[in-house]
Every structure is written in C-alpha cells, then in structure tokens.
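Participant: As numbered in mature numbering (1 follows the signal peptide of the UniProt record, and there is no 0), residues -18 to -1, 1 to 259 make up the sequence shown, in order.
Heads up, some of the hints might be wrong.
Cβ pair distances, simulated, as ranges [unchecked claim]: (1) M228 / F57: 26 to 36 Å; (2) A61 / C223: 48 to 58 Å; (3) P23 / E177: 25 to 35 Å; (4) Y247 / A227: 46 to 56 Å; (5) R246 / C223: 29 to 39 Å; (6) V104 / H151: 41 to 51 Å; (7) V170 / T142: 15 to 25 Å; (8) P23 / L188: 47 to 57 Å; (9) V84 / D53: 15 to 25 Å; (10) G147 / G226: 48 to 58 Å.
In case anyone wonders, no lab produced these hints; they're calculated from the structure.
Since we're looking at a predicted model, the values are computed, not measured.
No residue lacks a Cβ here, since even glycine has one placed at the ideal position from N, Cα and C.
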Amino acid sequence: MLNLAIIFTLVAVYTTSSLRTEAGTINIGGPCSITRNHLDPNTHKLISDCSDLTYCSGENGTCLARTCRRDEFPFGYSATDVLPPLCPLGSFCPDEGDGCRVQVSAGGECQMNRDEQCARAVNWQDFSSTENFYGSICLHSICMYANATLGSPCVIDNTTYTDIGLNGHMLPTVVVRDNCRSPQYYCVQNTMLCEQSKTLGSPCQLDQECEQRNCVTGFCVEPPETPLRVAPWQYVITAMCIIGAMIATCLMLTLIHKRHRLKRYRELRAYYMEQLR
C-alpha cells in the first residue's frame, strides 16, 4: 500500500509539473529551452516554458520580456503593466513576441494561420476580403495570395480546434481555408479546383461552400450576425400604417369632443328651459 501511495504521489507531481510546463509559468530570468516550444494540440497556441509575458531566448536559454505584441489588448497583462509596442506597417510580431520582423513574401514560411505575417500583393485591392489579410493568406505555414479564380488549382488548409462543451465532452471545430478569391469562389476538396460559391438556399455540406460562409442543416443561410434588411415596400406600409393611425386617433378625439360638447349643450338647454317655466 505504501508503494502504491508513493506511485500515485509521483504521478500527481509529474502531472502537475507537466501542466505547469504546458501553461508556461517561468518568469523573466528563469531557465527555459526552445526545444520544448510546441503548439497546443487543441487551440494551436504556441506554448513554451515561459509565461505569457515572456519568451524563451535561444541564445542564453532564459525567459526574457516580450518586445512586441500583435493584439491591442494582449493576454496575461494587467492594467498596470507596460505593454510592449505594436509592430509598424510592413512588419509583424511573431508568436514568440521576441521582436518585430519584416513581412514574408509569397512562398515564404509563416506561422500557423498568421496571415498578417505575409506581405501584400501589388494588386491586393482586387482580391482582399475579410477571409485574408489584404489579399495574403497563410496556408500550411506558407504565404500565398488568395487570388485563385474559377477553375484554377487551389490549396486547402483544414484546422481542427477542440474545446470543452457544455456536457464536459471535447467539442471539435473544423476551420477550412483556401486561396480562392472569396467570397465568390471556394476550393472543392475532391478536385482541388476553385468553383463558384453557392447562393442562399442552395444545398451544401461545409460553410466554405456558401457565399455567406454559413451552412446550416444542409443549406446555405445568412449568418446570425447579418443585419436585418428592410425592403422599401415595408417602409411604405409602415409609414402608411403610422399615418393612418394618427388620422384615426385625431378623428376619434374630434368625435368624442363633439359628443361631449353636444351633451353639455343639451344639459344647459334643459336647465334654461326649466328656469323659464
């Protein structure tokens, strides 16, 4: 029994230390190793020995304060902390946060799903959309332009993110990205060619197939965040109803007022007639 208790204790200590290493709790000046840098299998976030405020230096094997940030409000910093600067135009801050770097040209390497690490094309205005960074996109950690047109060969990058659902079970979410011009086209996985995106009401299997990028119960529908579109005839009917209601109210008040005046007139006439008798 004693040996079993010791084994459980060692397992618990090992598990705790592993979780601490995964979480990255080492602060500035602490020892680290870049060989343990990896992507979290569920969130695909870069994990190192260092905390969220530091990065692991490959030169001296210690955790150093981050010298740049990619987000306006980076994770892990408090209201009193001094935030590292954002990178200027034409550069980017890597996942490590160890300093700004020049954007990568098409064909160069980029970190996973970091489209902003790729440089813009000369004519990026022609195919820029909300699904890329000024026309550039990072697929399979390679920078490319999202400018493939109808019938052109394309590249697909499937990424699975896993989170804990309401029932406590792991809930996977698959994000499909490609280099076709969006939202006009999408990349078909069977042929690896760009095809015309499907309109609202068309049958679909993936969100990527629809122009609105939202496939629900096998049909393309508008996404939940779509603003309500009011047709011109609805404005006309609404205005007519409001005007009609105002006119009806005015007429009703006028009739009620006249009835009150008539009733009062009859009462006064009856009173004076009674006095004359």
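Participant: All the hints need checking, so say for each whether the structure fits it.
Facilitator: Consistency of the hints with the structure:
no.	hint	in the structure
1	M228 / F57: 26 to 36 Å	violated, 55 Å
2	A61 / C223: 48 to 58 Å	holds, 51 Å
3	P23 / E177: 25 to 35 Å	holds, 32 Å
4	Y247 / A227: 46 to 56 Å	violated, 30 Å
5	R246 / C223: 29 to 39 Å	holds, 35 Å
6	V104 / H151: 41 to 51 Å	holds, 48 Å
7	V170 / T142: 15 to 25 Å	holds, 20 Å
8	P23 / L188: 47 to 57 Å	violated, 23 Å
9	V84 / D53: 15 to 25 Å	holds, 20 Å
10	G147 / G226: 48 to 58 Å	holds, 51 Å
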